[in-house]
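Participant: First to last, the sequence lines map onto chains H and F.
FYI, the numbering for the first sequence is 1 to 220, going by the working numbering.
FYI, the numbering for the second sequence is 1 to 220, going by the working numbering.
Treat the hints with caution; some may be incorrect.
Heads up, the list lumps identical chains together, so a pair's fine if it works in one copy or across two of them.
20 Å max Cα-Cα, derived SDA-like pairs, lysine to any residue [stated by the list, open to error]:
{"hint": "1", "residue 1": "K193", "residue 2": "H41"}
{"hint": "2", "residue 1": "K197", "residue 2": "I25"}
{"hint": "3", "residue 1": "K164", "residue 2": "I25"}
{"hint": "4", "residue 1": "K213", "residue 2": "L192"}
{"hint": "5", "residue 1": "K54", "residue 2": "I39"}
{"hint": "6", "residue 1": "K209", "residue 2": "N38"}
{"hint": "7", "residue 1": "K197", "residue 2": "Q143"}
{"hint": "8", "residue 1": "K215", "residue 2": "I53"}
{"hint": "9", "residue 1": "K9", "residue 2": "A90"}
{"hint": "10", "residue 1": "K152", "residue 2": "A184"}
Think of the hints as simulated: they come from the structure by calculation, not from any bench.
2 protein chains.
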Amino acid sequence: MEIKEVLKKCDFFSSLTKEQQELLISSSRKAHFKKGENIHHSEERCLGVVYIIKGELRTYMLSEDGREITLYRLYNDDICILSASCILDAISFDVYIDAEEDTEAVIISAQVFQKLKTENVYVEKFAYKLATVRFSDVMWAMQQILFMGVDKRLAIFLSDEIAKTGDDMIRLTHEQIAKYMGTAREVVTRMLKYFHKEGIVELSRGEIKVLDKKKLRSLL
Amino acid sequence: MEIKEVLKKCDFFSSLTKEQQELLISSSRKAHFKKGENIHHSEERCLGVVYIIKGELRTYMLSEDGREITLYRLYNDDICILSASCILDAISFDVYIDAEEDTEAVIISAQVFQKLKTENVYVEKFAYKLATVRFSDVMWAMQQILFMGVDKRLAIFLSDEIAKTGDDMIRLTHEQIAKYMGTAREVVTRMLKYFHKEGIVELSRGEIKVLDKKKLRSLL
Chain H
1 MEIKEVLKKC DFFSSLTKEQ QELLISSSRK AHFKKGENIH HSEERCLGVV
51 YIIKGELRTY MLSEDGREIT LYRLYNDDIC ILSASCILDA ISFDVYIDAE
101 EDTEAVIISA QVFQKLKTEN VYVEKFAYKL ATVRFSDVMW AMQQILFMGV
151 DKRLAIFLSD EIAKTGDDMI RLTHEQIAKY MGTAREVVTR MLKYFHKEGI
201 VELSRGEIKV LDKKKLRSLL
Chain F
1 MEIKEVLKKC DFFSSLTKEQ QELLISSSRK AHFKKGENIH HSEERCLGVV
51 YIIKGELRTY MLSEDGREIT LYRLYNDDIC ILSASCILDA ISFDVYIDAE
101 EDTEAVIISA QVFQKLKTEN VYVEKFAYKL ATVRFSDVMW AMQQILFMGV
151 DKRLAIFLSD EIAKTGDDMI RLTHEQIAKY MGTAREVVTR MLKYFHKEGI
201 VELSRGEIKV LDKKKLRSLL
């Protein structure tokens, strides 16, 4: 794919002036990252905005004991903005970004992106909106970390319930289930919604119908 | 303080047209939240953008067992944007927000803010930039959770070192300290930077000078 074709997919492109478009196209470059290569690192080089043509990037932080905590993964046609965090003054943290697969990308340099961002509010909006999408990804990861094990515990509870009553319909409120499980109502609601999305249960007021017992058992 | 005076402090205000300014001023309202009151809640009312005149708001999520995990706190002249998350399509998570103190605020309704955001890219940029600042706050909280205890362990290590050598200067690289402590080099570097900001140590290449032994000991 041509660099120009890739850049046109960025939603701010059409808001740029002719000169800005030309600067962007002429200064951007293709890059290849080898599987396992670190592309962004605390305190180090500020690569810029990375558009993934093909491949996978993983963003993570390090835990106390040096374990890697994955925050999110980016795939084809995703755009990596935290690799340009040096020029986004609302971002005051740093992360690690590695290529998880051999990755082909187009890089908009931090310098050029900063210039465009200063000149054009649509570029700035693009950057911060994208950062907010990543915020959502990180919150999801954080919930996974904090909620770890709830899916399993809820699956056990539901399995026990249908085994006990011999009925696939469970007539309990989320509040009641939460009490049985020793957790909060909101936690049960959230996990039931997730089970619903996965096709495991059907939800209606005061009732939960188990649709896929096999899938439910796979969580045990 | 007048509602108008408060709204003028929002950096997008000057980018609004006369009509947009008038709509904003006439539709915004003052609100008082009692200490302990919940002002935003998963799946519930979408209050809008909250400008804190005086008081404190706390944003948190619930852990598996119903414990509240504080993400960040907002004080006088801070603006709460996650209370308007319903109209920000880049945000796909929800949080709880409580008044931690009796709080006086100006509220821009979600409906009006959405209208302005659609009409005016500066408003949209404002919202997402602010969300990105909160992203930074959340990353800080997450690091605290994941890194819990490292400050203490490093303080113990440094205290032991200066007691052992009788010298306030510690001639070890971060890498060496990390090995002694059984953690990663980056973790030591980050925490030493924090100690430096707190005035506890002075850092130079391959050397750490303990400046404030009393403060160091307070971490033990």
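Participant: Work down the list of hints and note, for each, if the structure agrees.
Facilitator: Hint check:
1. K193 to H41: between (36 Å within a copy, 16 Å between copies)
2. K197 to I25: neither (41 Å within a copy, 41 Å between copies)
3. K164 to I25: neither (65 Å within a copy, 60 Å between copies)
4. K213 to L192: Within. Shortest intra-copy distance 14 Å satisfies the 20 Å Cα cut-off; inter-copy 52 Å does not.
5. K54 to I39: Within one copy, since 15 Å is at most 20 Å while 43 Å is not.
6. K209 to N38: neither (46 Å within a copy, 32 Å between copies)
7. K197 to Q143: within (17 Å within a copy, 30 Å between copies)
8. K215 to I53: neither (34 Å within a copy, 51 Å between copies)
9. K9 to A90: between (25 Å within a copy, 18 Å between copies)
10. K152 to A184: Intra 15 Å, inter 32 Å, cutoff 20 Å: intra-copy only.
The structure does not agree with the numbered hints 2, 3, 6, 8 stated previously, though it agrees with the rest.
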